[in-house]
Amino acid sequence: MANELTRRKMIISSAAALTGGAAAMKGMPALADATTPEHSHKQSALATEGPHANRQRLPPGRPGQDYTPVITPNGWTLPYKLVDGVKVFHLVAEEVEHEFAPGLRAKCWGFNGGVHGPTIEVVEGDRVRIYVTNKLSAGTSTHWHGIFLPNGMDGVAGLTQRIIRPGGTFKYEFTLRQHGTHMYHSHHDEMTQMALGTMGLFIIHPRNPERPRPDRDFAFMLSEWQIPVGTSRPNPNEMTDFNVFTFNARVFPGTEPTVAKLGDRVRIRLANLGAMDHHPIHLHGYHFPVIETDGGQIRESAWQTETTVLVGVGQTRTFEFIADAPGDWPLHCHMTHHVMTQMGDKFPNMIGVKPGDLDEKVRSILPDYMRMGHAGMGEKMEMEMPANSVPMLGGDGPFDYITMGGLFTILKVRSDLESYDDPGWYEHPPGTVADRAGAIDMDRDGIAGDGSSASKIPDSARPAYRQKMPPK
Amino acid sequence: MIARTITRQQALLLGACALVLGANGCTRFKDGIGFNDVHLATGQRIGKQVEWQKSAEARQRIHNFVEQQSKRTLTADGAVQIALLNNPGLQATYEDLGIAQADLFQAGLPQNPRLEGEIRFPAQPKTAIETHIIQNFLDILYLPLKRHVARAEFEAAKLRVTHEVLRTAAETKKAFYDYQAAEQALGMRIAVTSATEASSDLARRRFRAGNITDLELAEERALDGESRLELAEAQTDVIDKREMLNRLMGLWGEQTAWRAEPRLPDMPSEELNPHCLESLAIERRLDLAAARQQVIAAGRNLGVVRWTSLFPEADIGLHYEREPEGTGTTGPSLGFPLPLFDWGQARRAKASAQLRQAQQRYAALAIEIRSRVRQLASRMVFAQQRVKFYREVQLPVREEATRQAQLQYNAMQIGAGELLRVKREEIETGRNYIQALHDYWEARGELEQEAGGMLPASVFAPPGVKHKSVPQTQAGDETSKKADQPAGEQHGGMHHHGQ
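Those sequence lines, one after another, are chains D and R.
Numbering-wise, the first sequence is residues 1 to 472 according to our numbering.
Numbering-wise, the second sequence is residues 1001 to 1499 according to our numbering.
Since the hints were derived computationally from the structure, they do not count as laboratory data.
One should not assume that every hint holds.
[Stated by the list, open to error] No more than 35 Å apart at the CA atoms, straight line, and that leaves these computed lysine-lysine pairs for DSBU-like:
| no. | chain 1 | residue 1 | chain 2 | residue 2 |
| --- | --- | --- | --- | --- |
| 1 | D | 261 | D | 346 |
| 2 | D | 135 | D | 171 |
| 3 | D | 361 | R | 1241 |
| 4 | D | 361 | R | 1350 |
| 5 | D | 81 | D | 107 |
| 6 | D | 346 | D | 107 |
Could you build all of it, start to finish, from the sequences and the hints given here?
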């Protein structure tokens, strides 16, 4: 599947531009699937030296007309200036006081007043000029992850460019000749700077899309942080023990829901620039094909249908589906500690501990003591917390407290929407909500409320069972 | 003829007897003088009463007073008063006064005349009689000198006894504070044991639920056990301190059931101004005054010895002898030792040596007093700063740590065991605070004693006078602003007053 233009396509499109037929571009016939070895070779990065280098640029793509603009929940898209047909962007790397969820703020390193950086959204064939101003207290550089460009624009400090010293402004310029979900991030002292948040999404729309345009296109940057409870700066030296996991630098209940109308074609792009953790992102209520990686589109015959897509560190994955089931569907990482915020794994195991009169004994010297953890972490506790912290688990839901945090957001599909603003909680049709089993139902089905009518595990499935040895 | 002779002789004799009887009349031994001065001085120095239990009535009165006091809550002052009235050792010391008084009296007594009589046989025709009355007359001349010396000695004895009274009072006060500190420390230990007991209980429950290892359980139980052992030691300590007080107050039986406030009094905010303490102590110290009296006595003694050592005694007498033939002779006699071998050279040397010794002892005591006053003043000042530091910085910081630990526990970042550990550290800091407070009261009490019984208001500066401060962390310690005091001139003024 081609994700870059062939020379033939380009000549036709540039001819169209010269003749002022910009509108003609939109109707370009989709080219056949190019699977010849020649094309495969041309797709590789090695091809930058060849005839594809210094590709002549195409007229800049326009949002809404040439592509459905991507939505970065809890984030924003960086606007550009058009200067002589070149899209000019300005990124400013600086320290930002960022809110992960109401009640949890930290001093992070982001761009243009936000964490993570704004989404850069362009079209295949656009020429971009990106100015990067460094207002951090350390040197930096910006690497454009997975993008074909002249080696000197690659953004690897020390190797392909000088370090952008604090106070300096560098210029990156290149023409995009691919499409897909990509990222940008610091490539100087990566461990520190990325752990503090210097990264963002870089979306390149296809010039000649082969697939229908999605109605809703969402992009998420996955990341992880170590913020000890009560502190207000992430610890970038942490190697394995992260405690804050984020969609676009937010944790539930601070994650904005993704809203779609019933029947919308929904595309979800996931990019992972965390330090160490891969994330298996799971969507309830749907299964979906993964249609794209950061290397390009996957052809349909090679699609894998998933309910959970594993996004490794440094990878992007895009999947698509038709939102044909209404409701509030969680979209979350399936690692259980990743859907908790600031989980303290030093808390001792209290499951099954019978407290007896222990509480009174402790309260004689610690008046505010209350026992916790005896029944897991599901109880919502109304107790004073350290400053600048949020409860480990979440937020109020329509039925009860939702014991989720971290990498958790909600896809809200509704049949009647006037706008894509948050429509509130789903109103379930009667009879479709799991609730207390009624006496009539239980009698009819012979169910005893105390569990006595349930089958017990047979001996054959018990671990103590040993297979009988055949007689000699 | 004999009648006439006898009349003349007897007149002499009668005259002598009259003199003697008259003198006797003036030499009636009066019991108990001198104790009044002790009583007055004690009242003046520490505002307490003393009583010499010499009669059954006095003993009963004191017994009733003690019974009454031991039913109420005992205070430091109350304990001191009971001790001064009831301490048997002190009562024994009062007899020193009796002894010194007897010595004084004895020094003023002239030697008794000596009567000698002999009868010789065979008693023909008349019984031969020889009688001799001898009176050491130089002794009478020397009496004023000897009384002079003895009075100095008596003064010294009074001062020593008063000093002993004050020392007993100070010891009782210290014992009382020791007791209060021990009770307060016991209270802290009980709190620590609650914490370790709760921790151990939690560990047992977690073990029963299958959540911890045998090793973790054993370690928790060991920690709890150690805490209980320390608690037992603290209980023993309280009993020790109680008994010390009982000994000092002379109590036994039901009287030992007294109750006192089980915590040290709060530290007063007045700060010591040590400038004139040394001279104050030199002026007011009774044992130093006693040593001074000893020097005076030794000096007087040297004077007396110089005068009397050549001829320490000489007798005059009246001699009557009747020969067997019937003739009698009467006549005066005179006798004195001839200073051939011993002309008092050793006695004079000894008296000189005694004088020099008394002087050296006096000087040594003065140096010691000065040094101890400086030492104790320093100790008191530093103890006060430590107590302030604990109160204003260290205890609040520990309390904050406990509060934050409670919040971290609420956020499930630390467990109950860790929370209890932080609480234990707060309690330990509390114990150290009590120790510092005890150090203050102890140093203050000893300083009062060293300064002669009490510290007058003039040695306390208004708060804010600068002294050398306790070392502490600098910038970044937001809560230590109040305790921050720059180094001052602590050493300057104390010792440059003449001895």
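*Hints that the structure is at odds with (numbers, increasing)*: 1, 4
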